[in-house]
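Q: So the chains spell out like this:
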Amino acid sequence: MWIQKKITLPAASRGFHLITSRVISALPELADCQCGMLQIFIQHTSASLTINENADPDVRADFEVAMNRAVPENQPFSHTLEGSDDMPAHVKASLLGSSLLIPIGNGRPQLGTWQGIYLCEHRDRASGRHLVLTLWGE
Amino acid sequence: MWIQKKITLPAASRGFHLITSRVISALPELADCQCGMLQIFIQHTSASLTINENADPDVRADFEVAMNRAVPENQPFSHTLEGSDDMPAHVKASLLGSSLLIPIGNGRPQLGTWQGIYLCEHRDRASGRHLVLTLWGE
Amino acid sequence: MWIQKKITLPAASRGFHLITSRVISALPELADCQCGMLQIFIQHTSASLTINENADPDVRADFEVAMNRAVPENQPFSHTLEGSDDMPAHVKASLLGSSLLIPIGNGRPQLGTWQGIYLCEHRDRASGRHLVLTLWGE
Chain A
614 MWIQKKITLP AASRGFHLIT SRVISALPEL ADCQCGMLQI FIQHTSASLT INENADPDVR
674 ADFEVAMNRA VPENQPFSHT LEGSDDMPAH VKASLLGSSL LIPIGNGRPQ LGTWQGIYLC
734 EHRDRASGRH LVLTLWGE
Chain B
614 MWIQKKITLP AASRGFHLIT SRVISALPEL ADCQCGMLQI FIQHTSASLT INENADPDVR
674 ADFEVAMNRA VPENQPFSHT LEGSDDMPAH VKASLLGSSL LIPIGNGRPQ LGTWQGIYLC
734 EHRDRASGRH LVLTLWGE
Chain C
614 MWIQKKITLP AASRGFHLIT SRVISALPEL ADCQCGMLQI FIQHTSASLT INENADPDVR
674 ADFEVAMNRA VPENQPFSHT LEGSDDMPAH VKASLLGSSL LIPIGNGRPQ LGTWQGIYLC
734 EHRDRASGRH LVLTLWGE
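Chains as they are written, first to last, in my numbering: chain A, 614 to 751; chain B, 614 to 751; chain C, 614 to 751.
Derived from the structure by calculation, the hints contain no laboratory data.
Hints may be right or wrong, so weigh each one.
[Unchecked claim] What follows is a set of in silico ranges between Cβ atoms, one per label pair, in the way DEER data are often shown: (1) A:Thr726 <-> C:Ser740: 23 to 31 angstroms; (2) C:Ser634 <-> B:Ser740: 45 to 53 angstroms; (3) B:Asn687 <-> C:Glu751: 47 to 55 angstroms; (4) B:Ser697 <-> A:Asn681: 12 to 20 angstroms; (5) A:Gly696 <-> B:Glu642: 48 to 56 angstroms; (6) A:Arg738 <-> C:Glu751: 35 to 43 angstroms; (7) A:Ala624 <-> B:Ala674: 27 to 35 angstroms; (8) C:Gly741 <-> B:Arg721: 17 to 25 angstroms; (9) B:Ala668 <-> C:Pro689: 15 to 23 angstroms; (10) C:Ala674 <-> B:Val678: 22 to 30 angstroms.
[Stated by the list, open to error] Facing chain A, a subset of chain B residues (Cβ under 10 angstroms, in silico): (11) Thr621; (12) Gln652; (13) Ile655; (14) Gln688; (15) Leu694; (16) Ala706; (17) Asn719; (18) Gln723; (19) Gly725; (20) Thr726.
[What the hints assert, rightly or not] From the derived model, a few chain B residues whose C-beta atoms are all more than 12 angstroms from chain A: (21) Ala624; (22) Asp671; (23) Arg721.
Just so you know, even glycine gets a beta-carbon here, dropped at the ideal spot from N, CA and C.
Take these sequences, add in the hints, and give me the full structure.
A: Written out as structure tokens, the structure reads:
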């Protein structure tokens, strides 16, 4: 089986947001996949995707603290026309990555108990974000 | 072919550990794969996987130095109940990533000469870590 | 369909380089893939791959600034025999990653408008870099 569809996430505030249920619910075909892969790909360069702790909202808030420290806005950048948050957003997007690949077994994503899917919005003001979901397997 | 199995790595000390042979030996089916993919997925949010230099143990020790500098423990985090190493562990896990995808050709992983698979253990005291290995191809 | 081929990129200067068209042109078979995946894997531990902004060359230059700040050369590293740029190169390679996975639909990579493929060369003086390209789907 090969299934590919695009979904658009509504505009999110700068920060880290749990989107696990939104992604899973877009793919009822998961139930028919005994063994396979789900790829989630974000078609943008200033937002990204990661897998992390799905329980405590403080973790998502602390991610913003840590990423702002790792990639601060006060660097001698040349690409500044789109705002001081733009170039750090590009770098954060590459550090966290533009796609996730999740193993599927017995009709379900094989995530660990504490794993959830994050949308990482690195811009101060962003529009909706387009994701390409691709599921394949048997 | 689609093969999926879970293995558990024994508890490792905080740091970076070569696990290439452990992963490969868990998959004798690799020999039957002329062209395919191997995904290694870690079901945790405070440990991660990466590919890096497989020869000099100093590289693994230096990784610990560099990651501690990039994501230090003395930040104004809210999620601190599980210890000062916990929140940095989450961030390091996302920076390095929860899965690896390795091309398979002629029955072998197509790693470069100097490439090995690292388990990146970011917690001071961790239990064993669960990996999902998925191999598919022809 | 399963197609795997190796290409070698010519030696590049330290920094971030757009290689989208070089990769795509190596795979005319993309046109025959209605739904699938393209993996690009780099067989090295001091260069990496990422997806980011494909238009303004300043973004690529600023990436070098940001990554040098995130992983500076003046750390207490032990692995220094190959030069002060070597250990930081290994760390940058793992932070950005050794492979990309791009969804294919209707014979084309489903990249966003502003997304391009970067070779990230982290060494001061590097040789050519080997990539393994694998395309599969239907």
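Q: Of all the hints numbered above, which does this structure not satisfy? Sort the numbers upward.
A: 1, 7, 11, 17, 18, 19, 20
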